[in-house]
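Participant: Take 1 as the starting number for the sequence shown in UniProt numbering and just add one per residue.
If you're looking for bench data, these hints aren't it; they were derived computationally from the structure.
There could be a bad hint or two in this list.
Within a straight-line C-alpha distance of at most 27 Å, the following computed DSS-like cross-link-like pairs (lysine-lysine) qualify [to be verified]:
| hint | residue 1 | residue 2 |
| --- | --- | --- |
| 1 | K17 | K113 |
| 2 | K337 | K17 |
| 3 | K113 | K333 |
| 4 | K333 | K17 |
| 5 | K113 | K337 |
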Amino acid sequence: MEECIPTQRHSRDYLVKFPEELLVDNLGNHMLFAAECLLAGSFLEVEEAEGAQLRPRARSLLCSLELVRALLREQSLSQPGTYSEPVRAALMQFDRLFAEFELSYVSSLVAVKSPDEIYRQQEIIVLFCETVERALRLGYLTQEMIDGYEPLLMFTIPRLAIISGLLIYPEGPLSLERSPEQMSRVFSPFYNLLMKIRDLLRVLSAEELCLLERSLCAAEAEDPCSSVTPPAWGEAVPRVAPHTPWGLLESPHTTPAHHSLMGRLGAVDNPCTESPQHPPGPWLEATPGPRCSELRAHYSSTRDMLHTLFVCISGVADQLQTNFASDLRSILKTVFKIVASPAETSEETGGSKNEDGDLCAGDVPHVADCPLCPSPRDATGLRRAAGARSRPEWVPDSTCSHCSACRAPFTLLRRRHHCRSCGKIFCARCSPHTAALPHYGQPRPVRVCTHCHATHLSSWRTRTR
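Let the hints inform the model, and build the full structure from the sequences given.
Facilitator: Quick look at the structure:
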């Protein structure tokens, strides 16, 4: 289908509705196997009633597949290398039936996202990006942390985003003027708790907010209620005996910890200003009122109030990692793609190009133990690359904890990727290229690392022209 009807393929936009863990390379094979099982009367993953409804789609899909196979066999014997109009029509029909079956089958297994939920998730992505930009301006985060995919950011960004969504961008995806049903499913279970957090955030002065955000960036290392006050806090947070810390939220619904945090925050409706000793932040109205003083009176000290916010915000953000891990991982991956520094070009790194526009082999850093490089001084390996018929040894995931090029450690966000040319493991930034490897039996473009793309494959393409 990629060769015959590349511009007439059925839309796959529905894939954005699927959980990220389902979007694997062998999903198509799994769908065909599921169709065969349904047609045979075996319901491995779905309920019997749902399987009965999917069986007609499975039958149509498999019949279409047999027709495509028969036409391709006849075409290969009569006119190999070309595609007749009947073959094109059969491929288009099979592609449409496959897409319809895939969407129906996956929808029966898991809850797929609605268009509204997809839009709300995109709003959260924008909020997270704005949060990162603000954190960079204020010095909470550094660009090096973003580019290095620091694991701590998986917790820091959602925590800061809660403050941004409630206080800095109150009309965004965390707007509490909406009903819980109108919010994203990621945050709607915490609606009441978010409202209490917002009311308490409005009481803080600009300095107190800065201290809270810095403590959230440092995770538990600078808990405002720890026994040792960080020197950077100065006299803004008086030293008092810490209260017994409450447990983090164990569920987005009703748990003892949830009730404890809700009770600790109190039931104050809409504080609008501050007491004279705590100047209002820029997000507060100038109209004086008694509610902020009343809310502050619920706490024995500023430190106690900051600790309450620290625990509640951390509890909500950390619970997202448990209850909505797939959604949050997808959001953060998109955020990192947007806010990370662009990959350096050859001009920025000082590399030179030959007449065909390819990087010269001598300008590409050598990858240690590259199986295609005879020696560190000879990084071409052209005869071996061009004449090889068996692929280099595939490095097991369990034996590699760092990128083979930049040596960055692999984390939940920085995933492992095998180079199909040399078999070694790289991060996404060091393996962004695709290339056909006909000498390895790969006529279609597959993932390759920057080293092989610039050193071995560019020279091999020049040699075969």
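Participant: Determine for every hint whether it applies to the structure shown.
Facilitator: The hints, checked one at a time:
1. Straight-line distance between C-alpha atoms of K17 and K113 comes to about 5 Å, which keeps the hinted pair within the 27 Å bound.
2. Among the hinted pairs, K337 with K17 is consistent with the structure: their alpha-carbon atoms are about 20 Å apart, no more than 27 Å.
3. With a C-alpha separation of about 18 Å, the suggested pair K113 and K333 falls inside the 27 Å cut-off, and the hint holds.
4. Between K333 and K17 the alpha-carbon distance is near 16 Å, which keeps this suggested pair within the 27 Å criterion.
5. In summary, the hint linking K113 to K337 is supported, as the alpha carbons are separated by about 22 Å, within the 27 Å threshold.
This entry satisfies every hint, going by the numbered hints stated previously.
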